[in-house]
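Asker: Residue numbers (the numbering used here), protein chains in the order written: chain V, 89 to 310; chain A, 89 to 310.
Keep in mind that the hints were calculated from the coordinates and are not lab data.
Some hints here could point you the wrong way.
Claimed, not checked - If we take Cβ atoms under 10 Å as the criterion, some of the chain V residues that face chain A in the derived model are: (1) Q192; (2) A210; (3) A287.
The C-beta atom is built at its ideal place from N, Cα and C for all residues, glycine as well.
There are 2 protein chains.
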Amino acid sequence: MTTPAVPGPEGPRPAPARRRPGGRTARIRAQVLDAVLVELGEHGYDGLTVDAVAARAGVHRATVYRRWGDVGGLLADVLDAAGDDDWQPPDTGSLEGDLAALNQEIQEALTARPPIVAALIAASFRSEKAAHAQQRFWEDRYARCGTVVDRAVRRGELPPQTDARRLLVAATAPLYHQLVLLRTPSDPRMPGDAARAAALAAAAGAFAGSPPAGGTRGASRS
Amino acid sequence: MTTPAVPGPEGPRPAPARRRPGGRTARIRAQVLDAVLVELGEHGYDGLTVDAVAARAGVHRATVYRRWGDVGGLLADVLDAAGDDDWQPPDTGSLEGDLAALNQEIQEALTARPPIVAALIAASFRSEKAAHAQQRFWEDRYARCGTVVDRAVRRGELPPQTDARRLLVAATAPLYHQLVLLRTPSDPRMPGDAARAAALAAAAGAFAGSPPAGGTRGASRS
Chain V
89 MTTPAVPGPE GPRPAPARRR PGGRTARIRA QVLDAVLVEL GEHGYDGLTV
139 DAVAARAGVH RATVYRRWGD VGGLLADVLD AAGDDDWQPP DTGSLEGDLA
189 ALNQEIQEAL TARPPIVAAL IAASFRSEKA AHAQQRFWED RYARCGTVVD
239 RAVRRGELPP QTDARRLLVA ATAPLYHQLV LLRTPSDPRM PGDAARAAAL
289 AAAAGAFAGS PPAGGTRGAS RS
Chain A
89 MTTPAVPGPE GPRPAPARRR PGGRTARIRA QVLDAVLVEL GEHGYDGLTV
139 DAVAARAGVH RATVYRRWGD VGGLLADVLD AAGDDDWQPP DTGSLEGDLA
189 ALNQEIQEAL TARPPIVAAL IAASFRSEKA AHAQQRFWED RYARCGTVVD
239 RAVRRGELPP QTDARRLLVA ATAPLYHQLV LLRTPSDPRM PGDAARAAAL
289 AAAAGAFAGS PPAGGTRGAS RS
């Protein structure tokens, strides 16, 4: 969680001004991607243009067009850069605690001002490139969070055959659903409530194999 | 589930051609809203224009502009009309069965061709009017689904103080998250899996009041 562009599991934000590592190419990329985030936060997808990004970054517009092509290419690279970090999920000592801390990061990202993560999600409905990059970013985050489930299994909190992705989606989906789709006002209890529900379901074996249609557990799957 | 524009909990689709009840005003509204759905399904939000809707509906464009104003107004009215029906949630005899049947309807709506519900969700990121109408539609659907929880409480499946909305969001959110945001390919087990997880969490008391920060149940809330 120390790289410039990523505060948590859920996305990028502009880095504070500082000296960039790497050569000229890396420096230009960092300037351009930061400019994308600032423009996106200020104007949303509709106000985002390659020309405005180039002007804000202090980079020639021909360079931006050549390297990123269009707004979709810029957004995709923002997400790819955000995923290129060393973020790891919280480690609090319990499954419920880890999920609650993860949800807390998600809630903060989804309600942050300027609303960059929300704007990226909205942009994913406009640009296929951004949509695919967001998918890659999220799948990588869920994969990293597998360690939360592994630790819980090692502690004996969960059955060994627990489906990590399904548990993690159950724990985090209510936050996205309420804040992004239902547009429910943010509630400080939401992260912990959703974590607790998923942890209780997990402890009851909800994610330890999918039952066959009849509703009883199939020996071949568990 | 018998009104022309609504197949289930999750949204509208064009009605088959048939005689409309009501007078000329109602007939024009039905023609225009059906035309919105067809245009949206064929071209998405970007291809949706008042003029194309008017032409397809066989209604003078001045009438459409006067009554609906713009594309956002048309989409909002589609959603308001969709909510003006007698849809009730499934009644299968068990909480898990009801939630699974509900999720099945949601999965079908979200993966339908043409992708009208998906296009309406995408449009809600473009138009404030559509976003507010979608919120109203969903809140009304969740309120109607409260009967699923009431029945489960009466059957003794759930504690009486269960928070219906929180349980329903937990049951349905994984479908929306996977199909709309993560763009996970549809899986026939998804509706039942998410229903089962929520039912197990509910039976364990996950939605019977929110615990205080320490993690133990507060007497004042339960």
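Asker: Give a verdict on every hint.
Answerer: Hints, verified against the model:
1. The beta carbon of Q192(V) is not positioned within 10 Å of any beta carbon in chain A (closest approach about 12 Å), and the interface hint is therefore violated.
2. Proximity of A210(V) to chain A holds as hinted, the smallest CB-CB distance being about 4 Å (cut-off 10 Å).
3. With 10 Å as the threshold, the beta carbon of A287(V) comes within range of chain A, its nearest partner Cβ sitting at about 8 Å, so the hint holds.
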